[in-house]
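Participant: Whole structure, please, built from the sequences with the hints as guidance.
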Amino acid sequence: MNPRIISANLVVKLRSFYREKTAMFFTFAFPIILILVFGTIFMSQDNVAYHLCVQDLDQTNSSAEAVKTLELNGKFKITKVDPAVKAKQYVRDKRVNLVLVIPKGYEMSLMQRMLNDLNASVTITYIYDPSSSSVDTKMEILNSVLAGINQKMSGKPPFIRSVQRSILTKTYRFIEFFVPGIIAMAVMTLSLFGTVDSNTELQQKGIIRKLSTTPITRTDWILSNILYQFILAVISTLAMLLVSYAVFNVSLHMDAWLLVFILLDVFAFVGVGMILTRFVKDAQSAAAAANAISFPMMFLSGTFFPIELMPGFLQKFAKTLPLYYVNEGLRASMVFEDNMAALSYSAVIGVFAAVVFILGVIATKWEEGE
Amino acid sequence: MTKETEYAIEVDRLTKRYGDLLAVNDISFTVGQGEVFAFLGPNGAGKTTTVEVIETIRTPTSGKVTLLGMDVTKKKHDIVPRIGVLPQGFSSFDRITVRETIQYYSRLFRCMNTDIDGLMELVNLKDKTKEQYKNLSGGLKQRLGIAIALVNDPEVVFLDEPTTGLDPRARREVWEVLLGLKKKGKTVFLTTHYMEEAELLADMVAIIWKGKIIAMGSPGELIESNANYLLLTLQSVDEKVFEIVRKMGFEPVLDNHKKIAVRVEHTCDVRKILNAINDAGAVYLGLDVRKPNLEEVFLKLTGEALREDSPEMVAK
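Chains as they are written, first to last, in this note's numbering: chain L, 1 to 370; chain C, 1001 to 1316.
Please note that the accuracy of each hint is not assured.
No more than 25 angstroms apart at the CA atoms, straight line, and that leaves these computed lysine to any residue pairs for SDA-like [unchecked claim]:
1) C:K1134 to L:M1
2) L:K68 to L:Q112
3) C:K1272 to C:G1249
4) L:K205 to C:K1130
5) C:K1074 to L:A363
6) C:K1076 to L:R4
7) C:K1074 to L:N2
8) C:K1126 to C:G1089
9) C:K1141 to L:P215
10) C:K1130 to C:G1089
11) L:K365 to C:G1044
12) L:K86 to L:Q112
13) C:K1134 to L:Q204
14) C:K1130 to L:R15
15) C:K1134 to L:Q284
16) C:K1134 to L:M310
17) C:K1076 to L:T217
18) C:K1291 to C:E1243
19) C:K1075 to L:S16
20) C:K1075 to L:G350
21) C:K1130 to L:V280
22) L:K365 to C:K1126
23) C:K1126 to L:S16
24) C:K1076 to L:R15
25) L:K138 to L:M310
26) L:K281 to C:G1165
27) L:K104 to L:C53
28) L:K205 to C:L1140
29) C:K1074 to L:R218
30) C:K1076 to L:Q204
31) C:K1128 to L:L202
32) L:K281 to C:K1134
33) C:K1075 to L:R4
34) L:K205 to C:R1095
35) C:K1076 to L:N2
36) L:K156 to L:L142
37) C:K1134 to L:S134
38) L:K281 to C:L1022
39) L:K281 to C:A1023
40) L:K281 to C:S1091
Calculated directly from the structure, the hints in this document are not laboratory data.
Facilitator: Here's what the structure looks like:
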């Protein structure tokens, strides 16, 4: 290993990257765009208000009061539907997914109940479009609001109450859980595609062959690549954290674990990239192979959605993916500040990175016959 | 351990196989110190395989190759700093400038005192120092490749097809650089399929065909021993000329451009042919008499043209 040779190679790589403005822009912009898009979605979900159409067929003070109660709940923005129109037709024509219908005689039934007629009741109808993905959530919220009203009318305090206590000392929003996942994914993409693209291009152009007639060794070459990918990964991570903080006020715990996980992520996926390069002949096949590996990994290892949402067998599969351990490790250190968990995740990804990296080194062609 | 030897390169019964393909078949030759040695042959003859074995990139199937007194299969790390290589189809990092590229390779060789300006002057790239590699023409790229091959002031320089794919002007520019190396007394191992390149630059030429060396010697010796005749070319617009020459017992060859080539033993044969044409009142526009070149030597030895674009007008 020769530091002078490694630094010479590193300088050439950084210069090439810096001068390729388009590649540089997309390398750093892609994860930032993801953070901005998903961040905006998640932030608005925290204060989400559903659009609810209400048709009041009773047109009394009591029914108007009931509509007001729904509005005051804060979860709904109410649109009043003309009692003269047919609710089903309204759903179809206006392309809304739900109309809540307060029946005629609502106030009368309410009065009877107030006078202790326990048989008096009223049926509220949901006219809904089952093809809409959010309609179930809407109906669940409505049911819980109506249950609250029923409970209140009973005049007795509830027997079972609930209280929420977070295991974290700070209150986090979903975006704060999301950012470490995006960091893990961005570093994976950077390392995998960076290695595969660069190695296939240099091999195709014969530059590797030329280098093999100079004193640079395979170890020097690979170490300089690792260092290069690590530098880009750190810059990209800092950019993501900065944008998250500036736009969404995301504040995460940062310590040495962040660098450890970035480094292990780099080692693991540079290793995978080196193995892929051995088996693909040209840059196009290399990109396809890298996509085939990175895309399932992105969606199945808990970067975008919690793996608890997946079927059982996919959850088991997710836990075999290296990116899962980087995701969880980064969350353990940056969100939960749990060093023991971070240590155990780093051990798993560390073993994977070591094995894959060694295989990658063996797979890297430097001289004929290797 | 290295031993001083009068030969920079010694190849003894080298054979190289790729599976069932016999690329190089039991060849032997030596290259003297300070000599320009041209390895001449058509595409696929085994030139690059041979040079890559000598450069330590490939391992021989059998035979022994010694470079600067060291076995190439055992002393790669000692050999590499002492050689310079311009590989076939040389390429470099697209967005790195000429100066930065030379600096980069210089640092790989751990050369503290490389005269980068001197190298750029040698290959005539001084006005292109800030130009990125991707913006250079084919000839400039090859010249940069030669400069890189010289960053470590090597004792032996390998140039694998340095002018292939270049236009005639760019080729001549590269030849100028190679003549400069020759003047500096470098040992140069040149592979080429351009016979004029070998004739112009080489002290010694080995002709390789189908993995075998079929002739070796100085260009003059090869021509003298394999093509001891004169070549008369007549630029004719008159079809009668062909018949006149043929009837005289010669074997003229007519090409598409109405040129006739005739192989003759002596200058008096030229005179006889010209007199016969004049006597018959036939017309030709010009003539050329010259000694054969390595192209004709190769043709005579193999029955094939050295290059696909070779003129095929020469009589067999």
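Participant: All hints are to be evaluated individually against the structure, with a verdict given for each.
Facilitator: Structure-based check of each hint:
Distance check on the hinted pair: K1134 of chain C and M1 of chain L sit about 30 angstroms apart at the alpha-carbon level, beyond 25 angstroms; violated. With a C-alpha separation of about 21 angstroms, the suggested pair K68 of chain L and Q112 of chain L falls inside the 25 angstroms cut-off, and the hint holds. The suggested pairing of K1272 of chain C with G1249 of chain C holds, with an alpha-carbon distance near 12 angstroms, which does not exceed 25 angstroms. At most 25 angstroms may separate the alpha-carbon atoms for a hinted pair to count; K205 of chain L and K1130 of chain C meet this at roughly 22 angstroms.
For the hint linking K1074 of chain C to A363 of chain L, the alpha-carbon distance of about 22 angstroms falls within 25 angstroms, and the restraint holds. A C-alpha spacing of about 20 angstroms is found between K1076 of chain C and R4 of chain L, which places the hinted pair at or below 25 angstroms, so the restraint holds. For the hint linking K1074 of chain C to N2 of chain L, the alpha-carbon distance of about 21 angstroms falls within 25 angstroms, and the restraint holds. For the given pair, K1126 of chain C sits about 23 angstroms from G1089 of chain C by alpha-carbon distance, which is consistent with the 25 angstroms threshold.
Note on K1141 of chain C and P215 of chain L: the hinted pairing holds, with a Cα-Cα distance of about 22 angstroms set against a maximum of 25 angstroms. Taken as a hint, the K1130 of chain C and G1089 of chain C pair is honoured in the structure, with Cα atoms around 23 angstroms apart against an allowance of 25 angstroms. Distance restraint check for K365 of chain L and G1044 of chain C: the Cα-Cα separation of roughly 23 angstroms lies within the 25 angstroms cut-off, and the hinted pair is therefore satisfied. For the proposed pair K86 of chain L and Q112 of chain L, the alpha carbon gap of about 28 angstroms is over 25 angstroms, so the pair is violated.
Between K1134 of chain C and Q204 of chain L, the direct Cα distance comes to roughly 15 angstroms. Compliance with the 25 angstroms bound is thereby established for this hinted pair. The hinted pair formed by K1130 of chain C and R15 of chain L meets the criterion: a straight-line CA distance of about 13 angstroms does not exceed 25 angstroms. Between the alpha carbons of K1134 of chain C and Q284 of chain L the distance comes to roughly 21 angstroms, so the proposed pair stays at or under 25 angstroms and holds. With a CA separation close to 49 angstroms, the supplied pair K1134 of chain C and M310 of chain L exceeds the 25 angstroms bound.
Of the pairs offered as hints, the one joining K1076 of chain C and T217 of chain L holds, with about 11 angstroms between alpha carbons and a cut-off of 25 angstroms not exceeded. A C-alpha spacing of about 24 angstroms is found between K1291 of chain C and E1243 of chain C, which places the hinted pair at or below 25 angstroms, so the restraint holds. For the given pair, K1075 of chain C sits about 33 angstroms from S16 of chain L by alpha-carbon distance, which is inconsistent with the 25 angstroms threshold. For the proposed pair K1075 of chain C and G350 of chain L, the alpha carbon gap of about 36 angstroms is over 25 angstroms, so the pair is violated.
Simply put, K1130 of chain C and V280 of chain L have alpha-carbon atoms about 35 angstroms apart, too far for the 25 angstroms limit, and the pair is violated. Distance restraint check for K365 of chain L and K1126 of chain C: the Cα-Cα separation of roughly 35 angstroms exceeds the 25 angstroms cut-off, and the hinted pair is therefore not satisfied. Restraint check for K1126 of chain C and S16 of chain L: satisfied, since their Cα atoms lie roughly 22 angstroms apart, inside the 25 angstroms limit. Using a Cα cut-off of 25 angstroms, the hinted pair K1076 of chain C and R15 of chain L is violated, with the two alpha carbons roughly 30 angstroms apart.
Distance hint between K138 of chain L and M310 of chain L is fulfilled; the C-alpha atoms sit about 22 angstroms from each other, no more than 25 angstroms. Taken as a hint, the K281 of chain L and G1165 of chain C pair is honoured in the structure, with Cα atoms around 24 angstroms apart against an allowance of 25 angstroms. Among the hinted pairs, K104 of chain L with C53 of chain L is consistent with the structure: their alpha-carbon atoms are about 17 angstroms apart, no more than 25 angstroms. With a C-alpha separation of about 17 angstroms, the suggested pair K205 of chain L and L1140 of chain C falls inside the 25 angstroms cut-off, and the hint holds.
Under the criterion of a C-alpha separation no larger than 25 angstroms, the hint pairing K1074 of chain C with R218 of chain L is consistent with the structure, at around 17 angstroms. Between the alpha carbons of K1076 of chain C and Q204 of chain L the distance comes to roughly 24 angstroms, so the proposed pair stays at or under 25 angstroms and holds. At most 25 angstroms may separate the alpha-carbon atoms for a hinted pair to count; K1128 of chain C and L202 of chain L meet this at roughly 23 angstroms. With a CA separation close to 23 angstroms, the supplied pair K281 of chain L and K1134 of chain C stays within the 25 angstroms bound.
The suggested pairing of K1075 of chain C with R4 of chain L holds, with an alpha-carbon distance near 22 angstroms, which does not exceed 25 angstroms. Note on K205 of chain L and R1095 of chain C: the hinted pairing holds, with a Cα-Cα distance of about 14 angstroms set against a maximum of 25 angstroms. Proximity of K1076 of chain C to N2 of chain L is assessed by CA-CA distance (about 17 angstroms); at most 25 angstroms being required, the pair is judged to hold. Taking the CA atoms of K156 of chain L and L142 of chain L, the gap is about 21 angstroms. The hint holds against a cut of 25 angstroms.
Restraint check for K1134 of chain C and S134 of chain L: the C-alpha separation of about 54 angstroms exceeds 25 angstroms, so the hint is violated. Between K281 of chain L and L1022 of chain C, the direct Cα distance comes to roughly 24 angstroms. Compliance with the 25 angstroms bound is thereby established for this hinted pair. At most 25 angstroms may separate the alpha-carbon atoms for a hinted pair to count; K281 of chain L and A1023 of chain C meet this at roughly 23 angstroms. For a cut-off of 25 angstroms, the pair hint linking K281 of chain L to S1091 of chain C stands: about 18 angstroms separates their Cα positions.
Checked against the numbered hints above, the structure violates hints 1, 12, 16, 19, 20, 21, 22, 24, 37; every other hint is satisfied.
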